[in-house]
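The working numbering applies: residue 130 is where the sequence shown begins, and numbers increase by one.
If you are wondering where the hints come from, they were derived from the structure by calculation, not from laboratory data. Keep in mind the model is a prediction, meaning the values are calculated, not measured.
List of simulated lysine-lysine pairs, DSBU-like, C-alpha gap at most 30 Å:
(1) K263 with K273
(2) K136 with K273
(3) K281 with K136
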Amino acid sequence: MVVIHVKGVSDDRQFLFDCSSNSSIDEITSSISEISNLQSQIQTLRIHLRGSAIGIDRLLSEAESYASKDQVIHRRALSIHILRDHVRALEKEVEAAHSKGLINDDVLGILSDCGGDEEIQLWWAGKELVRGKKLSEYTGENEKTKIIVRLKPACSD
130 MVVIHVKGVS
140 DDRQFLFDCS
150 SNSSIDEITS
160 SISEISNLQS
170 QIQTLRIHLR
180 GSAIGIDRLL
190 SEAESYASKD
200 QVIHRRALSI
210 HILRDHVRAL
220 EKEVEAAHSK
230 GLINDDVLGI
240 LSDCGGDEEI
250 QLWWAGKELV
260 RGKKLSEYTG
270 ENEKTKIIVR
280 LKPACSD
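The task is simple: from the sequences and hints, build the whole structure.
Laid out in structure tokens, this is it:
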């Protein structure tokens with residue numbers, strides 16, 4: 130597996146992603162974009178819900194620790210499926226708290242706004258990883274490769 134160290138716009142938005150060297154850049158970009166969006170959603174929920182009276186601190190801290198940049202230090206790649214499960218559990222608790230009147234509509238608006246289908250570009254070694262090509266065209270066939278990729282918003286030229 131090729132290990133991709135993904136660095137976002139800010140220093141706290143980074144994670145590891147595992148893929149095959151034969152994976153297409155389209156697949157990789159889509160997966161990395163979704164992981165980045167889920168990570169962002171967890172961070173946004175943390176900001177708005179930390180210390181609230183709805184009792185989801187444990188769920189929130191589990192999701193936050195899984196999505197944190199500390200996973201890079203421990204060399205653990207993030208999984209889309211586990212991140213989705215964390216976000217779904219948080220959404221379920223927030224909706225339950227909203228139905229009981231414990232939180233206002235602003236937090237529900239935040240949940241719906243965090244979907245973010247932002248187009249991104251992947252950059253490695255000063256080059257854009259062009260969609261439609263395979264990762265092996267840039268890194269070779271070695272499955273033990275580790276690369277550092279930077280996320281940048283796609284330009285609308």
